[in-house]
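Colleague: From first to last, the protein sequence lines are chains X and P.
In terms of the working numbering, the first sequence opens at residue 1 and continues consecutively.
In terms of the working numbering, the second sequence opens at residue 1 and continues consecutively.
Calculated directly from the structure, the hints in this document are not laboratory data.
It should be emphasised that the depicted structure is a prediction, and the values quoted were computed from it without experimental measurement.
Backbone N, C-alpha and C define an ideal beta-carbon position, used for all residues, glycine too.
A hint or two may mislead.
Unchecked claim - Here are the simulated DSS-like pairs of lysine-lysine, each with C-alpha atoms no more than 27 Å apart in a straight line:
#	chain 1	residue 1	chain 2	residue 2
1	P	39	X	84
2	P	132	P	266
3	P	6	P	39
4	X	84	P	365
5	P	305	P	266
6	X	84	P	305
7	P	332	P	319
8	P	266	P	319
9	P	39	P	168
As the list claims (entries may be wrong) - Example chain P residues on the side facing chain X (calculated, C-beta under 10 Å, incomplete):
#	residue
10	43
11	177
12	321
13	354
14	375
15	377
16	402
17	428
18	460
19	462
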Amino acid sequence: MTDRLAPATEQDLAAAVAAAAAAKEPLAVEGNGSKRAMLRPVQAARTLSTRNLTGITLYRPTELVLSARAGTTLPEIEAALAEKGQMLAPEPPDTRTLFDSTEPATIGGVVAANLSGPRRITAGAIRDHVLGLRFVNGAGEVVRSGGRVLKNVTGLDLCKLLTGSHGTLGVITEVTLKVLPAGETSASIGIRVPDIATGVQALSAGLGSPFGVTGAALIPAFAGPDGPANHVAFLRLEDFAASVAYRSGRLAADLARFGDLRVLDAAESTSLWAAIRDAQPLGAAPEEAVWRVSVRPSAGARVAAAAASAGGRALLDWGGGLVWIAGPATEAMHLAVVAAAEGGRGSFTLFRAPEPLRAAVAVLPDEPPALAAIAARVKAALDPAGVFNPGRMRPGI
Amino acid sequence: MIALPKPRPEVLARRDEIVAALRTIVPGEGTISEALRLKPYETDGLTAYRMPPLAVVLPGTTEQVAAVMRYCHANGIRVVPRGAGTSLSGGALPLEDAVVIGLMRMNRILEIDFDDRLAVVEAGVTNLGITKAVEQDGFFYAPDPSSQLACMIGGNVNMNSGGAHCLKYGVTANNLLGLKLVTPEGEIVEIGGAHLDAAGYDWLGLLTGSEGMLGIVTEVTVRILRGPEGARAMLAAFKGTEIAGAAVDAIIGSGIIPVALEFMDKPCIHACEAFAHAGYPLDAEAMLIIEVEGSEQEQDELLTKIKEICSRFDPISLKVATSAEESAAIWKGRKGAFGAVGRISPDYLCMDGTIPTGELPRVLKRIGEMSAQYGLQVANVFHAGDGNLHPLIMFDANDPESFRKAEQFGADILTLCVEVGGCLTGEHGVGVEKRDLMGVQFLPHELDQQRRIKTAFDPGWLLNPHKVFPLQTEAA
Numbered sequence: 001m002t003d004r005l006a007p008a009t010e011q012d013l014a015a016a017v018a019a020a021a022a023a024k025e026p027l028a029v030e031g032n033g034s035k036r037a038m039l040r041p042v043q044a045a046r047t048l049s050t051r052n053l054t055g056i057t058l059y060r061p062t063e064l065v066l067s068a069r070a071g072t073t074l075p076e077i078e079a080a081l082a083e084k085g086q087m088l089a090p091e092p093p094d095t096r097t098l099f100d101s102t103e104p105a106t107i108g109g110v111v112a113a114n115l116s117g118p119r120r121i122t123a124g125a126i127r128d129h130v131l132g133l134r135f136v137n138g139a140g141e142v143v144r145s146g147g148r149v150l151k152n153v154t155g156l157d158l159c160k161l162l163t164g165s166h167g168t169l170g171v172i173t174e175v176t177l178k179v180l181p182a183g184e185t186s187a188s189i190g191i192r193v194p195d196i197a198t199g200v201q202a203l204s205a206g207l208g209s210p211f212g213v214t215g216a217a218l219i220p221a222f223a224g225p226d227g228p229a230n231h232v233a234f235l236r237l238e239d240f241a242a243s244v245a246y247r248s249g250r251l252a253a254d255l256a257r258f259g260d261l262r263v264l265d266a267a268e269s270t271s272l273w274a275a276i277r278d279a280q281p282l283g284a285a286p287e288e289a290v291w292r293v294s295v296r297p298s299a300g301a302r303v304a305a306a307a308a309s310a311g312g313r314a315l316l317d318w319g320g321g322l323v324w325i326a327g328p329a330t331e332a333m334h335l336a337v338v339a340a341a342e343g344g345r346g347s348f349t350l351f352r353a354p355e356p357l358r359a360a361v362a363v364l365p366d367e368p369p370a371l372a373a374i375a376a377r378v379k380a381a382l383d384p385a386g387v388f389n390p391g392r393m394r395p396g397i
Numbered sequence: 001m002i003a004l005p006k007p008r009p010e011v012l013a014r015r016d017e018i019v020a021a022l023r024t025i026v027p028g029e030g031t032i033s034e035a036l037r038l039k040p041y042e043t044d045g046l047t048a049y050r051m052p053p054l055a056v057v058l059p060g061t062t063e064q065v066a067a068v069m070r071y072c073h074a075n076g077i078r079v080v081p082r083g084a085g086t087s088l089s090g091g092a093l094p095l096e097d098a099v100v101i102g103l104m105r106m107n108r109i110l111e112i113d114f115d116d117r118l119a120v121v122e123a124g125v126t127n128l129g130i131t132k133a134v135e136q137d138g139f140f141y142a143p144d145p146s147s148q149l150a151c152m153i154g155g156n157v158n159m160n161s162g163g164a165h166c167l168k169y170g171v172t173a174n175n176l177l178g179l180k181l182v183t184p185e186g187e188i189v190e191i192g193g194a195h196l197d198a199a200g201y202d203w204l205g206l207l208t209g210s211e212g213m214l215g216i217v218t219e220v221t222v223r224i225l226r227g228p229e230g231a232r233a234m235l236a237a238f239k240g241t242e243i244a245g246a247a248v249d250a251i252i253g254s255g256i257i258p259v260a261l262e263f264m265d266k267p268c269i270h271a272c273e274a275f276a277h278a279g280y281p282l283d284a285e286a287m288l289i290i291e292v293e294g295s296e297q298e299q300d301e302l303l304t305k306i307k308e309i310c311s312r313f314d315p316i317s318l319k320v321a322t323s324a325e326e327s328a329a330i331w332k333g334r335k336g337a338f339g340a341v342g343r344i345s346p347d348y349l350c351m352d353g354t355i356p357t358g359e360l361p362r363v364l365k366r367i368g369e370m371s372a373q374y375g376l377q378v379a380n381v382f383h384a385g386d387g388n389l390h391p392l393i394m395f396d397a398n399d400p401e402s403f404r405k406a407e408q409f410g411a412d413i414l415t416l417c418v419e420v421g422g423c424l425t426g427e428h429g430v431g432v433e434k435r436d437l438m439g440v441q442f443l444p445h446e447l448d449q450q451r452r453i454k455t456a457f458d459p460g461w462l463l464n465p466h467k468v469f470p471l472q473t474e475a476a
């Protein structure tokens with residue numbers, strides 16, 4: 001067990017960072033540590049956690065804005081929003097099952113990982129909903145970026161830079177998020193398709209319709225709820241009840257040409273998309289590795305096929321553009337996934353793997369040299385002593 | 001008045017040599033050095049400030065942009081990027097010793113993919129040009145700044161432009177997938193691509209809204225969206241700004257996100273009505289234009305709900321359009337608002353703060369008091385859903401004292417926006433216009449943090465060095 005610091009105030013946390021920077025002692029930065037096994041292992045004797053910075057500090061439903069300290073848990077925030085009929089539109093996954101963690105994610109961790117679920121395809125990612133951040137930089141200074149209003153172009157957008165930086169550039173202490181009304185109800189359409197490429201075409205047709213689709217995923221045959229013989233493409237609608245009824249009728253008529261089709265009611269739809277959000281249909285076994293590959297949607301079927309021929313299984317979300325892959329935790333499998341992502345001119349993340357694999361391979365794509373040089377200077381501009389999560393994303397960063 | 005960095009005499013002295021070198025990279029008409037032909041490039045949408053640049057180059061390819069950047073980097077020459085020059089904050093204002101790189105010749109649409117819902121375009125394609133290229137298939141590019149006929153996507157990326165419909169569709173940052181960027185050192189890099197959420201640092205997000213300080217954007221991959229079945233507007237007029245604000249809260253609180261939710265105050269209603277004869281109620285203190293989307297039946301249902309909500313707030317009038325023509329009539333006054341104000345006053349400053357929407361009544365009251373104090377009229381239009389306020393301050397540009405007062409009035413309004421929890425700029429950018437107010441919103445060490453990011457991209461501060469940050473500590 002490493003030495004764990006979990007300050008109860010932002011001030012104390014800043015002081016802890018300043019001390020670590022002065023001593024050049026690296027820190028593993030985390031919230032509840034629910035995604036500790038993501039990306040590369042961090043080499044640090046001490047852990048700095050935001051778990052004790054808790055509480056919703058501002059919630060104005062009519063202004064569509066919520067602020068919370070970084071250690072506030074995702075379920076607590078989701079419950080507060082649900083009480084007012086609102087939601088975090090990017091629907092971040094509950095990663096407890098995938099990471100075999102008992103602790104819920106913190107909102108700081110969700111933002112630091114920029115982890116978004118099915119609604120990302122039309123509603124935007126977490127990074128699109130971060131309006132403001134407070135963070136502690138590597139000099140132990142508290143820095144604010146953005147604010148609490150929906151439209152803000154004042155100065156460089158450090159919110160975007162910090163979001164998805166996995167704690168390597170600063171310790172997020174408080175986040176302000178854009179929140180939105182949740183649809184009054186939802187429904188989904190499931191279409192049995194003969195192959196994955198046809199399924200992705202059906203998803204593209206739905207996303208290219210005027211009916212406001214909010215989820216577009218494909219569950220391949222191995223996990224198909226309609227039996228092992230069928231791939232099923234799913235499209236979700238969420239809105240006022242009359243709209244959902246009207247649109248699901250129109251969408252079903254438009255998409256019937258792709259295969260047998262049925263409409264799922266609100267209850268079925270809700271549990272289906274929670275499962276897709278959390279990548280449950282992948283059925284990743286504990287010893288398996290899990291990847292997320294992001295490509296243009298029309299390349300998704302090829303990535304899924306490449307994963308299958310290397311011995312893995314794929315689940316497609318974001319209209320085919322997000323391919324979750326589970327497979328053997330081997331370098332050979334990893335290289336097959338990387339080749340598939342590069343073939344689709346996309347991006348990949350080794351999302352979960354036993355430590356030896358995570359330590360041995362590139363868990364994210366390399367950057368071209370000109371960008372890598374800028375990245376190193378940006379890292380130094382925020383964390384000059386290199387104390388935050390060394391090696392988490394790439395060797396040195 | 002805005003101060004500019006001192007020109008470097010050694011660069012000015014080498015002007016002929018520099019122009020000749022640029023000509024070898026961008027030959028013929030693509031390199032401009034004659035005083036008369038430099039004239040159009042000396043200012044932008046913020047016409048109060050002018051400065052002829054050393055030279056202008058109009059490259060036709062990313063490789064030419066990169067070669068110009070490499071040359072300028074090697075020779076310590078400052079560079080100011082420029083799209084259509086529509087910036088309202090002086091984002092394209094040149095420097096005497098700077099080379100302006102104009103992207104307007106790079107205006108090709110390279111790829112349109114309806115299945116993957118994206119378009120790849122060069123930086124000089126206009127905002128509306130993207131929608132025009134895809135609308136026959138029912139698609140559109142969502143951000144719609146009011147300059148969309150002229151403004152270019154490269155400039156939109158650099159200013160993170162918004163528009164009247166961002167409550168539903170987001171701003172530029174939310175509608176991008178990738179960029180081709182030339183770094184200050186002249187390297188060409190691809191950021192993002194045709195896919196969502198590239199792993200690693202979010203360069204795309206950081207570059208969007210970076211006001212031309214971090215690199216030159218030459219190509220952009222944007223998301224295109226399928227348009228709705230239809231859209232329709234309604235008008236609601238109220239006896240007070242507080243009442244109209246409460247109606248906005250009630251609409252959003254009911255779970256409806258209209259595609260547009262525009263607020264006009266009494267001076268603005270009067271100016272627009274006199275100009276456009278749109279049938280606006282002149283006895284109202286505040287008026288909302290609310291637009292919804294969907295099928296005819298969905299529009300009816302939403303408008304009925306909104307009308308019912310508004311009727312709880314003792315409205316002076318509620319007018320629901322029953323056709324596209326009636327919608328256009330409702331919008332006619334609002335869309336002509338800037339022209340309408342221009343008819344009353346020879347000159348006006350268009351401000352651009354954002355406030356928490358609940359603060360609107362307080363802010364409008366204070367602006368009214370300041371208007372009396374400065375002796376300058378002001379009309380307010382407001383994107384009510386997202387809090388973006390555009391006060392139009394009327395003044396006389398022939399009277400230097402009037403201009404000075406207008407600038408001070410504007411600065412006071414933006415300071416007020418920050419005080420109530422908002423920010424200096426919602427969509428126009430800081431540019432040179434609001435540069436010296438940055439200390440109102442940020443603490444010194446926060447500005448230094450942002451400056452260090454600029455330095456990480458551009459160690460020599462050659463690219464747009466006079467924008468965004470207060471000048472005195474520019475090279476921190």
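Colleague: Going through the earlier hints one by one, which of them does the structure break, listed in rising order?
Modeller: 1, 2, 4, 9, 10, 12, 14, 15, 16, 18 and 19
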